[in-house]
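Going line by line, the protein sequences match chains A and W. Per UniProt numbering: the first sequence = residues 1 to 420. Per UniProt numbering: the second sequence = residues 1 to 420.
FYI, nobody ran anything at the bench for these hints, they're computed from the structure. Just so you know, not all the hints are guaranteed correct.
The list treats identical chains as one, so a pair stands whether inside a single copy or across any two.
[Stated by the list, open to error] Mimicking DSSO-like on lysine-lysine, the simulated pairs with C-alpha atoms at most 27 Å apart in a straight line are: (1) 308 / 362; (2) 283 / 33; (3) 396 / 308; (4) 406 / 59; (5) 413 / 324; (6) 33 / 82; (7) 329 / 82; (8) 327 / 339; (9) 289 / 407; (10) 59 / 35; (11) 252 / 324; (12) 82 / 283; (13) 283 / 355; (14) 396 / 355; (15) 283 / 59; (16) 252 / 412; (17) 362 / 84; (18) 378 / 396.
This is what each chain is made of:
2 protein chains.
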Amino acid sequence: MAKMNAFYAQSGGVTAVINASAAGVIEAAREHKDKIGKVYAGLNGIVGALQEELIDTSKESASTIAALRHTPSGAFGSCRYKLKGFDENQAEYQRLIEVFRAHNIGYFFYNGGGDSADTCLKVAQMSHHMGFPIQAIHIPKTVDNDLPFTDCSPGFGSVAKYVAVSTKEASMDVASMARSSTKVFILEVMGRHAGWIAAASALAAEQAGDPPHIILLPEVPFERERFIAEVERCVSEHGYCVIVASEGTQYKDGALLAGSIHKDAFGHQQLGGVAPTLASMIKKAHGYKYHWALADYLQRSARHIASKTDVEQAYAVGRAAVEKALKGKHSIMVTIERKESARYGWTIGEAPLEKVANVEKKMPRSFISKDGYGITAKGRAYLAPLIEGEDYPPYKHGIPQYARLKKVMVAKKINTPFTV
Amino acid sequence: MAKMNAFYAQSGGVTAVINASAAGVIEAAREHKDKIGKVYAGLNGIVGALQEELIDTSKESASTIAALRHTPSGAFGSCRYKLKGFDENQAEYQRLIEVFRAHNIGYFFYNGGGDSADTCLKVAQMSHHMGFPIQAIHIPKTVDNDLPFTDCSPGFGSVAKYVAVSTKEASMDVASMARSSTKVFILEVMGRHAGWIAAASALAAEQAGDPPHIILLPEVPFERERFIAEVERCVSEHGYCVIVASEGTQYKDGALLAGSIHKDAFGHQQLGGVAPTLASMIKKAHGYKYHWALADYLQRSARHIASKTDVEQAYAVGRAAVEKALKGKHSIMVTIERKESARYGWTIGEAPLEKVANVEKKMPRSFISKDGYGITAKGRAYLAPLIEGEDYPPYKHGIPQYARLKKVMVAKKINTPFTV
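Here chain A stands alone, though its shape is the one from the complex (with noise of 0.2 Å):
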């Protein structure tokens, strides 16, 4: 086959480690220019190759691309742009092929989550059924932890580690005080559909009657009286009660406590958060002086504090994309596979993105502890070696250096613009 240029894409919310699949991409493809010729990157995700806004990354230095593994969110940004179903849409990935035959690109590296595996499986279908056929392949991305077929989802690891360590300080700070001031702290965390990132707070526990007290998950069904009592339980047990809460906690119904309708000074209505609204609950029934954080994005783009295992495993999927590719491999999303062993190892796989595409993992009821609250001796060996390892970011006057990258971008050869 004749030499190829390679595309990369970034997709959906970011990490702290999906510019080291990055990374682990393009340096893959260096090593072999004999096939690959060059890496182009879309400038915002899949919305760059559709507006042919391509980074040529060959103008990009070898320390500014290692410098990636160790840089957090999308260094060639991001999107949250989902391609409509084929029927519906049929343009968009016509235009993405004759995007992909204008600059003569062969491979396509897709780094996202469950949605942009359904993207690059339409992608390979259409390239094969337009007579160009293009080596499309899944990189797995999300901090939700909600991919199949892989063990773990690059970009999770970190997370757990960055809320398992702020839960571990913030309750020391409330354990420290309880006595005369604030009795219950609420950490609210990401996690609409899974409860991944929650419960690998309890992490963060590691002995009997550490904190976290009481984890909610969104695979279990909130019970405000049971919530109010097990508080009360805590507080009188241990001086304080310390809870983490994922955004998506929600009754039996399925209704949110997010949900809650607050009007603000200016008659805007506003969705309430989770934490408020349980430290609102746990005020009335109780009168606990409380405090709580929310995370946000802070927690996914933690770099300074990534796991090193998840590091590891990030660079490891985008290299082993590049390899599989060049093995004739396609239509496969890169899979992290736990070997059977007492000591945790790892070892890099693959699943056909037929099977893929839209499934999502939710947490086995079997890592949730009885009572919903916290998680089982299973769920902890699960989550343990995921968050294991620091790698540190380089630090310069007291903050870290992250990449900057040139985006030089290529020269356009369609002339027709395309409106997403």
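Given chain A, put chain W in place with the hints provided.
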């Protein structure tokens, strides 16, 4: 003077490095066993002294005390208990001296902010008045950085580093998705009266145009229209806008932005935060998609990203308190003095408590940019060295290993209980 014991207590809001000061006190005292007997720590601060709940630190191993240097929060417990004025309530001061006399305590090391400096002075005065002179020395601590006479307050540098690093990371997240997603990000940080913590977020900017784009300080009256316009200018110029707001952000008339009242789903009135209030203003004016984070206790307990400079200073002021006491000094606060040199350097100094007590150090106007939304070169020159250097705690299984004390209590010698 006969060999006397020492009393050490932690006061007010805890920090990531207050235990480093405790380590400094205890290790220095252990080096002078000829002059100082045991170091007793107050359980939950000064309340522990009033209730004769004293922790015998001699029962803690050298390695445990050394580990306090990298352990956040108040290991002996702290409290928000301000002794009343001399005249209203001499009983409390008399009780303190009574307890100190009963346990042969000749040294009083009080680790806290402005209020505790006042308490420290009162204890010194009362002890002389009662004929049992105690050498009271104040060890500075406050994340608010508002203590006078000292160049900075131990505890501040680490919060400053956490806020600067978090602002940088979250900003990169927003920047990478702004085109199709969130355009405005707001981080609410501590600082009711002084904007030191919010100001430190400016250190995240290493090049012109880098975020944060708008910093809101209590020192600068909030003007809604000007703010709304500035946000729009930022989004059109950079594609997104990152705002760091002090919890104490207020209007010209002193009304707090955080004062807007929300009625939650349960009819319970709660104080809305600054971040959501700003977010809804922006949403109403521009319709931009926004996200916001509330760091709360995470920022002051984040020992995992502590400033090395801050840790060293916190430890040094603890040691210095003991060394100064042994030189016969009392009724002073240990201070940090910045050297008059191009390269940052510092030494230990002292200030008389009469002058320190209840004086609050605001940010000088010369540190704040003309438009009030950022800091000047002078402000940066002051702040930058305080976040210099990293001082990581040890980790095990991905979790920082923080000290756990045995907290062996000293047998009570006074049988009359004292209720606070």
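Verification of the supplied hints:
| no. | hint | in the structure |
| --- | --- | --- |
| 1 | 308 / 362 | within (24 Å within a copy, 41 Å between copies) |
| 2 | 283 / 33 | neither (63 Å within a copy, 49 Å between copies) |
| 3 | 396 / 308 | both (21 Å within a copy, 13 Å between copies) |
| 4 | 406 / 59 | within (8 Å within a copy, 58 Å between copies) |
| 5 | 413 / 324 | neither (29 Å within a copy, 75 Å between copies) |
| 6 | 33 / 82 | neither (32 Å within a copy, 70 Å between copies) |
| 7 | 329 / 82 | within (24 Å within a copy, 70 Å between copies) |
| 8 | 327 / 339 | within (24 Å within a copy, 63 Å between copies) |
| 9 | 289 / 407 | between (50 Å within a copy, 26 Å between copies) |
| 10 | 59 / 35 | within (19 Å within a copy, 68 Å between copies) |
| 11 | 252 / 324 | neither (44 Å within a copy, 63 Å between copies) |
| 12 | 82 / 283 | between (42 Å within a copy, 24 Å between copies) |
| 13 | 283 / 355 | neither (47 Å within a copy, 40 Å between copies) |
| 14 | 396 / 355 | neither (45 Å within a copy, 37 Å between copies) |
| 15 | 283 / 59 | neither (57 Å within a copy, 39 Å between copies) |
| 16 | 252 / 412 | neither (53 Å within a copy, 53 Å between copies) |
| 17 | 362 / 84 | within (25 Å within a copy, 55 Å between copies) |
| 18 | 378 / 396 | between (41 Å within a copy, 19 Å between copies) |
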